[in-house]
Structure formats: C-alpha cells, structure tokens
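Peer 1: Protein chains in written order, with the working numbering: chain W, 1 to 294; chain R, 1 to 293.
These aren't lab readings, by the way, just hints derived from the structure by calculation.
Treat the hints with caution; some may be incorrect.
Okay, derived cross-link-like pairs now, DSS-like style, lysine-lysine, Cα gap no bigger than 30 angstroms in a straight line [unchecked claim]:
#1 K159/W to K183/W
#2 K261/W to K216/R
#3 K224/R to K181/W
#4 K197/W to K246/W
#5 K258/R to K197/W
#6 K156/R to K29/R
#7 K156/R to K224/R
#8 K225/W to K158/R
#9 K29/R to K55/R
#10 K259/W to K217/W
#11 K159/W to K216/R
#12 K197/W to K224/R
#13 K108/R to K156/R
#14 K183/W to K108/R
#15 K286/W to K108/R
#16 K108/R to K160/R
#17 K55/W to K25/W
#18 K159/W to K225/W
#19 K204/W to K224/R
#20 K158/R to K215/W
#21 K181/W to K108/R
#22 K183/R to K224/R
Small disclaimer: the values here were computed from a predicted structure and weren't measured.
Here is what each chain is made of, one letter per residue.
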Amino acid sequence: MPAEIIDGRKVAEEIRGELRQRVEKLKGKGVTPGLIAILIGEDPASLSYLRGIAKGCEAVGIFTDTVKLPENVTQEELERKIEELNKDPKCHGIILQLPLPKHLDTLRAESAVSPDKDVDGTNPVNTGKLLLGEETFFPSTPYGVQELLIRSGHSPDGKHVVICGRSNIVGKPLMGILVQKQKTANATVTVCHTGTKDMPSITKQADILVAAMGKAKAITADMVKEGAIVMDVGVNQIEDPENPGKFKLVGDVDFEAVKEKAGAITPVPGGTGPVTSALLVANTVKAAEKLLGS
Amino acid sequence: MPGNILDGRKLSTEIREELKGRVAKLKEKGITPGLAGILVGEDPGSASYIGLKEKASGELGINSQMVRLPQDIKEDDLLKEIERLNKDAGVHGIFIQLPMPAHLDENKALTTVLSEKDVDGFHPVNVGKAWMGQEAFLPATPIGIWEMLVRYGYSKLKGKEVVIVNVDNLVGKPLASILAQEKVGANVTLCQPSTPNLATYTRRADVVVVAVDKPKFLTADMVKEGVIAVDFGSNWIDDPTTKTGKRTVGDIDFEPVKEKAEAITPVPGGLGPMTVTMLLFNTVTAAERQAGG
Chain W
1 MPAEIIDGRK VAEEIRGELR QRVEKLKGKG VTPGLIAILI GEDPASLSYL RGIAKGCEAV
61 GIFTDTVKLP ENVTQEELER KIEELNKDPK CHGIILQLPL PKHLDTLRAE SAVSPDKDVD
121 GTNPVNTGKL LLGEETFFPS TPYGVQELLI RSGHSPDGKH VVICGRSNIV GKPLMGILVQ
181 KQKTANATVT VCHTGTKDMP SITKQADILV AAMGKAKAIT ADMVKEGAIV MDVGVNQIED
241 PENPGKFKLV GDVDFEAVKE KAGAITPVPG GTGPVTSALL VANTVKAAEK LLGS
Chain R
1 MPGNILDGRK LSTEIREELK GRVAKLKEKG ITPGLAGILV GEDPGSASYI GLKEKASGEL
61 GINSQMVRLP QDIKEDDLLK EIERLNKDAG VHGIFIQLPM PAHLDENKAL TTVLSEKDVD
121 GFHPVNVGKA WMGQEAFLPA TPIGIWEMLV RYGYSKLKGK EVVIVNVDNL VGKPLASILA
181 QEKVGANVTL CQPSTPNLAT YTRRADVVVV AVDKPKFLTA DMVKEGVIAV DFGSNWIDDP
241 TTKTGKRTVG DIDFEPVKEK AEAITPVPGG LGPMTVTMLL FNTVTAAERQ AGG
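Construct all of the structure, not just a fragment, from the sequences and the given hints.
Peer 2: As structure tokens, then:
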C-alpha cells in the first residue's frame, strides 16, 4: 500500500492561520512583529530564499526587510549593523543569511546577534539552551521536522528516530530537540555518519527516518523499514529526465520507490520546506510576544 | 579472553603528571592556574567533594579558592560573589558545587559564570559551541570517557556504533557532542533509560556507555562480543562479605560482561577517579587559553 503523503503546505497554512491571530493580538497592543535579514553580496539563491521568507511574512501581516551589505564589508561593519538591529525596536527577529564571504568570521557574527532576536537559533547560547532543554529559538528546519511529525499525528515519543546527516543546521539540532524528556520528543535518536558503509543496517531500524544529507536519491527503498515514517529535508536541483535541459527539485529520498514501502512520507517540494519557512515567521512572532511580556 | 580493564586510577595519575608539567610551564611565564569553587550550605557529601578538588589542586600546584557560603544566602549576594571571581585575574576556572538550596536559581548562577572560566562546561555558550564542534569546555565525565578511549587506543570510531544509555546534560548529551562530530565520525545513538527493547540497540554497539544508576542493568546478553563497555553508574549495594556490609558497583554486570568485552571500565576505579582530574585538566587549559596559548 502506498504511503500517506504528509502535506507540508497544508500544515504550513495551518501554522500561518494561528500566527495571523497572534499577530492581530500584538497589533492590538501597538506592536507589529518585524523580521529583518542581513544579506552580504547578491547571491541569487539567497535572494530568492529571502523573497520566499518575505512573502511568508506578508501573508501573516508582519513587517519584513532586507539589509544588503557589499561583498567586501568588514567584520566590524557587519557587527555594527547587527548591533543596530539588536537595538532597533521595529526588528524582533534577525536572519544572518549564510554562507558569509570567506574573510568574515561566521561564529563571531552569529554570536553578535542578540539571543532574544536570534530567530534562526544559531547563536551558540541558543544552541546550548536547545541541548539543555531550556526555552529558546529552535532553528527552523529541525523545528519544522518536529512540528510536521506532531501535526501529522506521528509523535516521536518512544520511537527510534534515525537522522542521516549531522550538520549544525539540521542533524545535530534535531537530535538535541528529539532526545529531550518532553511529550513532543522523548525519542531514541541515532545520528548517522553519511560515509558509513553499512548505513542500510542502521536506517532500516528507524521508525522515523530523517534524510538530511544533501544528496539526491540517497535514501533508497532497501534502506527503509516497511511502514516507517520518512521525513525528507533535502533540496537538490537535478536535471529533469522528462524535460532534457530543464531542472527540477528533488529531496534526498528516492520518493517514488520509497513511498511504496513507507507508512508516511514527505514530498519535495511541498514537505518540510513550507513548514520551515512558516516556523521562521513563528519564531519572530514569539520574539515579539516575549519582548512585550517582559 | 576477558577484556582489558580500563584503569581510571592509573590514567588519572598519568594525566595529573602531565598537568604538573603544564602548570610548571605556566609558572615560568608568571602564571599560576587558579580554581575557584562555590559551595552553598553544609551538605556533607558536597563538602567532602569540594575538599577533594581543593586537595588535588594543591598537589598539582594549582591555587584554589573554595568559597563556602551560608545555606540562607540571598541570590544577589551569591551572584555578586560569582562576579567577583569572574573579575579576579588569578582565577582561571570557576565551578559551582551542585545541588544548591531550592531558593536559589541554579540556572541563573551557572550562566553568571564567565564562559571562559566555566570549567564545568555548564554555561549554554559552552554547551552550544561544543555541540557545533567549536572550541569549548565540556563537563568532566564526557571528556574523561573520551580521554580514556583515546589513551587506550579505542578512539578510531569513524563509522562505528556508539550507544549511550543516558540523555542527561552531564553525560549523554555532551558525550554525543564529542562523538558525533565529523572528526570522530561515530554513529551515535542516545537511548532513554525507558527506550523499548533497549537490548536491540546495545547489542549493535561497538562502544556502549551506561549511566542509569541501576546495578546489573547491562547484562552479558545485551552486548556483542568485542564491545568496549563504559560504566558511569554508581550504586551502593548490600554485601555481607565486606566490613561495612555494603559496596559500590556500577550499572554493568561486570564479571560476565568482561568475558565478552574487548575492554571494560570497572566500578570503582574506572571513570570515578577521572572526574576531579578532568576538572583540573580544564582549569589548566583555561589558564593556558587566558594566557594566550
């Protein structure tokens, strides 16, 4: 029996519906949440990503803007700009668009973003709080995986989650989120080295399998246990076999084959991606609420 | 063939000898490493533990300053005391002996310690940096386990399976923080003590680490031949053959697991002796970093 397709767009719309109400309440108190991105240079992929984020902000009625800095900006100038935004009352959330040019120190820049406005959850203080199980901002991609699991009725509680890929933006924080002793987590979590020879022997154990290696079709049907929940975080551009010369987006999972075996699966596009963007906005709304409450 | 015994006492002595050398080098530059500890109240267990840390510091030539504060101290006064130690250039490492009395906010105290002096590795900045693979201080137990694996030649873990039965902030999570990094490259599984069918995980493990404080929790049928078994449990059980009628054991059913293991830590004499040593290790490292390498 083919798998249930987990509809990320629907869940994202549900989240945005909730956010609209929270934004209305904030506006009633005279506060419009604001999300401001810092972009260095003119990378087209980053520009297109930020356009998507801006659309998501407009959809729930929050303020958004992008601060563009030249490619040759110095560390001091960048940190001064971050400091300005830290103090700017219109700005509740700051996105530092990565990767930064090589001459800049990413960790120092991330650490300069106020932990209270760090809606990407990349300031080490917030990473630490995440791991310690304290109140913080979760990076939106791993947060999206957790929310999508819960809202589609596949709670990780008591399940074995195998995460393929150990990046600082997905694999590691997701492990930190899902091992917490909380109802929305409480999983047994394995994080896999992508170079492992017998990876199938590990992935086949998974009740919930998360693909985050950044490699098209890396998870094949023989690597998946019958009935497993498969969450695909990958976004890869490959040549479209049906339209030579054209490209299409695929995930890290061999979707057509795996969907025949999995219990549920997220498509790419339309799976974890839309939820991720909705949650970045949710973090901004939360930041505005916290500021108002304090 | 029974497994190698991972001898924490021997290793601890070896590491302390090395630390003496590092302390001597710092002293040549006019720097004496300093460790400060804060104890609130008079819990006898905590008082004796802080005494051990004080004595060991002295043996290595590290200055120690143990601040004993009254049980009913106000939070503001505690924080002021931490601030004072933060500013004291002769203090390179600060730890707060836990648990603290209930009226004090542990979290607030721990985050007041300057992250550069946080030799217990409890400050969120250190936890976060360690998780991201950046230079940071990690708690004594996980770095003690790592040093043990390195020094006994069991640290080549690329693609190996490590199963940790403990998800706490002191052991499981920071140990995963070391072992899941790209440069170590292990496949790390964090198991809850309540994980269903736990044996299916532990039987796959090349390295198994347990810290659940239940005697004989990990039995021989739960491990594979050739496993490296690490025990951070501590249980005080009845034993009529001893003078006191009691003795300390770990979480591993030691004798039978030893027969199957490639290597195993005993309890006592395994990780226990390593913890104070690794705190001093962090203190000397802190002094070196603050001196600029």
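Peer 1: All hints, please: hold or fail.
Peer 2: Each hint tested on the structure:
no., hint, result
1, K159/W to K183/W, "holds, 12 angstroms"
2, K261/W to K216/R, "violated, 39 angstroms"
3, K224/R to K181/W, "holds, 28 angstroms"
4, K197/W to K246/W, "violated, 33 angstroms"
5, K258/R to K197/W, "holds, 29 angstroms"
6, K156/R to K29/R, "violated, 36 angstroms"
7, K156/R to K224/R, "holds, 18 angstroms"
8, K225/W to K158/R, "holds, 24 angstroms"
9, K29/R to K55/R, "holds, 24 angstroms"
10, K259/W to K217/W, "holds, 13 angstroms"
11, K159/W to K216/R, "holds, 25 angstroms"
12, K197/W to K224/R, "holds, 19 angstroms"
13, K108/R to K156/R, "violated, 38 angstroms"
14, K183/W to K108/R, "holds, 26 angstroms"
15, K286/W to K108/R, "holds, 22 angstroms"
16, K108/R to K160/R, "violated, 38 angstroms"
17, K55/W to K25/W, "holds, 21 angstroms"
18, K159/W to K225/W, "holds, 13 angstroms"
19, K204/W to K224/R, "holds, 19 angstroms"
20, K158/R to K215/W, "holds, 20 angstroms"
21, K181/W to K108/R, "holds, 21 angstroms"
22, K183/R to K224/R, "holds, 25 angstroms"
Checked against the numbered hints given earlier, this structure breaks hints 2, 4, 6, 13, 16; the rest are met.
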